[in-house]
Amino acid sequence: MSGEVSQLEELKAAIRGQLDSLDCVIGWEQGYDPLHATPLFIRSEADLERLTISPLAVHNPATYTTGFKGKKIGLVVRGCHSRSVIELLNEKLIERDEVVLFGLCCDGVVSQRKIRAALPADPGFVEAVELGKDELHITVAGEQATLKLQEVLADKCLHCAYPDPLVADVLIGEKHAPRQAASPACQDAFEALGNEEKLAFWQDTMSRCIRCYACRNVCPMCVCQDHCIATSRDHLWMSQENTPVENFMFQMIHVSHLTGRCTECGECERACPVDIPLMLLRRYMNKQVREVFGHQAGIALDKTPPLLTFQVEEARIKERDW
Amino acid sequence: MNANPYLPDMATVVEVIEETPNIKSFRLVLNDEEKMRSFSFKPGQVGQLSVFGAGESTFVINSSPTRMEYLQFSVMRVGEVTTRLHQLKAGDQVGVRAPLGKPFPVEDMQGKNILFIGGGIGMAPLRTLFTYMLDTRDDYQDITLLYGARSPVDLTYQAELPDWLAREDVKTVLCVDNEYPGWEHKVGLIPNILLEMNPSPEKTVAITCGPPIMIKFTLQALKKLNFADEQIITTLEKRMKCGVGICGRCNIGTQYVCLDGPVFTYAQLKELPSEL
Amino acid sequence: MERFITQDNLQRFAAGLAEKKNVLAPVASGGTTTFRRLRPGMQLDFSRMAVISPKDATFPRNETLLTVQHYPEESGKRMELQEHLPEGEMVVIGCRPCGTRGKLVFDPVYETQAIKDPYYIRRRDGATFITLACARPETTCFCHSVGSGPADEEGSDILLTAVEGGFVAKAVTEKGEQLLGDSLFEDAGAKAEEAAASNASARKLMGEAHDFSSAAEKLLKRFDDMDFWQTQSDKCISCGACTYMCPTCYCFNITDDEAGLVSRRLRTWDNCMSHTFTLEGSGHNPRSTKAHRLKNRMGHKFSYYPDLHGGQIACCGCGRCIKQCPAGVDIRQVVMAAQEYPDER
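Residue numbers (the working numbering), protein chains in the order written: chain G, 1 to 322; chain F, 323 to 598; chain D, 599 to 943.
These aren't lab readings, by the way, just hints derived from the structure by calculation. Any given hint might turn out to be false.
Said to hold, decoys possible - With a straight-line cut-off of 16 angstroms between C-alpha atoms, the simulated EDC-like cross-links for lysine to aspartate or glutamate are: (1) D:Lys675 / F:Glu593; (2) F:Lys424 / F:Asp582; (3) D:Lys819 / F:Glu593.
As the list claims (entries may be wrong) - Just a few of them, taken from the derived set where beta-carbon distance is under 10 angstroms, the chain F residues facing chain D: (4) Pro330; (5) Thr334; (6) Ser386; (7) Pro387; (8) Met398; (9) Asp414; (10) Gly433; (11) Gln553; (12) Glu559; (13) Arg561; (14) Gln577.
All figures in this text were calculated on a predicted structure; none of them were measured in a lab. Glycine is no exception: its CB is placed at the ideal position from the N, C-alpha and C atoms.
Working from the sequences, and respecting the hints, build out all of it.
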């Protein structure tokens, strides 16, 4: 992984050069065990030393941008993260001169769910992780397992058309040759189901939802969360009852509000503690917008999403108030 | 209170008083005659009013335990539940869970001078104690009431103000923020009027309630007048749900406003973490 | 009393109980493992700790507190109010000692001298806990640092320990002893020793416990240090994953639903990390930022609650909040940061 090491050093040098002029730079560091990364808010040289950019570093830093309004911050972004930034810029939710983008040409990140399924024991028992070029060597509950990176990549990475940041102030790594986007197999399989089967699937899946709103809060595009229809009291738009019907109602509202705005970073699905495959809904709705309007969120600056027409209520939409 | 602390008692609205453009007072009688007869509470305790289908909200019982023909609650229209409460008319049904919380330390105030300082809807919790003291007048020395609102129409309890002003056994001072045609009382902000009145802290208890900004400057004024922290009493607003110290939202550190409050001395508040 | 039961027979035993009572057990579905109402054909999944804690058994994610029937045409617009107290028994199988202990944090709050929450008390008294001891700690486990351990029996009726071919079942209460009378249980024999050795080894694998005893005081010392809390909450996204997964988080919301002439008063789990939790009618919010809210969450668990309830920490060390946090906020790290913060000179 010498390539990654030199890229990390290059990135650190780039951040070091601008750290003084920024409130913080958001990247990743190792989390509570060697298999998990966690967002890192870099404010000092010591913080910078902990930066990692391995395929375990999955979180979308764009989520935090609206919480720093009026301050200048840096973000380490992969291709998909840069799409979120573009969409936030296009919707005028952040200012271009308030973010410095340290772009990473990305070879994909892992899905912890796929790792969990592939390991011989629960990943909670992880002891050590070693990153090879195309493999992960994981020691778990005393057993050694080697996983092919390709087999545990997140779905969004399998057919990613934008692995390189579409907007960046600094670009680290080798640019990829243009790639064609494709729908992941799980999406095709789901869409091939009959309506009855789809309904049965959601009824069962939504019975797991606990309405923790991790999917909403982690979404870089869900900016009105403190004033979200799901929890507003004035008026009481939605029942607080936690049943499959109400949960699905919330998820339908959620996906409607993201139609044509969602940049498919996959954070909602990653954050869901009970593994609800929310991207099935996101991708389906985005596909409709692509077909009807020829629009895709976050791939070009100064493009307004076709369904972003709610000026009437706009004055009432307040952004997240961390 | 019922054995099931979440179970309200049904009550009938007997009278609705339009106090100000956004405040109404509701007089309620519990439907169960025996419960109404035996209902007992102390000034400062609160209750949860239910509009079934909309929800519950917390309000102070602002009638006096010395006058038990009805229980009175004053409600400012701010959200879903209070909007629905404002639609109620005499004869309508509501749910009541009361009394909740700790009252004013009435026994400790006996034999002392009492200074009430109320702002806007903050007069509601003072009204219960003020009326109670008028009914047990001999237990206290001088009683002074300073009551202010933004403008004359924002003063609640208009029906009672002439009586309060006319009484010789209390001194009542009213004020509004700005000059208004026909306004014959004081003009200015409550803390400034208070400083002008210059009350002596000697054997005196000050009881204040109002919007956070008014409380803040009133406390400063009282300190300037040399009131000790133990001589200042206030009553707090917090978002509440269960009203019985379980649901977890009204705490300031270890203290639950619904259970250990809402009445606190300034000395007690200073001991708590600063999270008002 | 200790008995032995084979893996297959435990599945049979659970299925048998589920015919007569509500049984809540870890079941795999959609790639994850959650507690579900055991229905015919469902297999117990003991391979990992269930994502959601078993607190649904004693504190369901929603329950109807009461219903009101409206009669708007009748004189006085009569309303009929009906209390909905829970009935029936529940058996929880395969919860871990930490999950079982969650209710011990509820007890002193939901049942006091003055206030008795009848919904909780009925559910708790009607519940039986058949707990599975943990053989090996996960990276997020710290039950031993909050006064428990991987084979803690407190709160359980039966403690199961995995041994070769099945489980040793130890009766902790009389209720548990009665259940072990079932013919599917066999003589434990030497398996009992195997179980004891396994439990001892599990405790050893956890290593040294962290001492949280200074946390109560140290967290209060940091109360007004908003820089500290802002840094600690940087990555928090203010969602409810931590609180809803937590076996000890007991805060709730009460809301009304209305349908035609019937309204229902609901109690649902609520989340102190949400902005609306403490938002007052006036628009004022005493915990207006995620930094304020994280401070209260940590303070409640490691300072206020222990202060009120004999030093007991309101955390069972199950690590769900760490493991399921979308941003990887680690409750241990936050509390330790307060503990290790240098004292002012």
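Going down the list of hints, with the structure as the test:
1. D:Lys675 / F:Glu593: The hint is violated at about 48 angstroms.
2. F:Lys424 / F:Asp582: holds, 6 angstroms
3. D:Lys819 / F:Glu593: Given pair D:Lys819, F:Glu593 holds - Cα atoms ~13 angstroms apart, limit 16 angstroms.
4. Pro330: For F:Pro330, the interface hint holds, since the closest Cβ of chain D sits about 7 angstroms away, which is under 10 angstroms.
5. Thr334: holds, 7 angstroms
6. Ser386: Not OK, violated: F:Ser386 not within 10 angstroms of chain D, min 25 angstroms.
7. Pro387: violated, 20 angstroms
8. Met398: holds, 8 angstroms
9. Asp414: Where the cut-off is 10 angstroms and the nearest Cβ of chain D is about 6 angstroms from F:Asp414, the hint holds.
10. Gly433: violated, 31 angstroms
11. Gln553: Not OK, violated: F:Gln553 not within 10 angstroms of chain D, min 25 angstroms.
12. Glu559: Nearest chain D Cβ about 6 angstroms off; hint holds.
13. Arg561: Given a least distance of 5 angstroms, the restraint on F:Arg561 holds.
14. Gln577: holds, 9 angstroms
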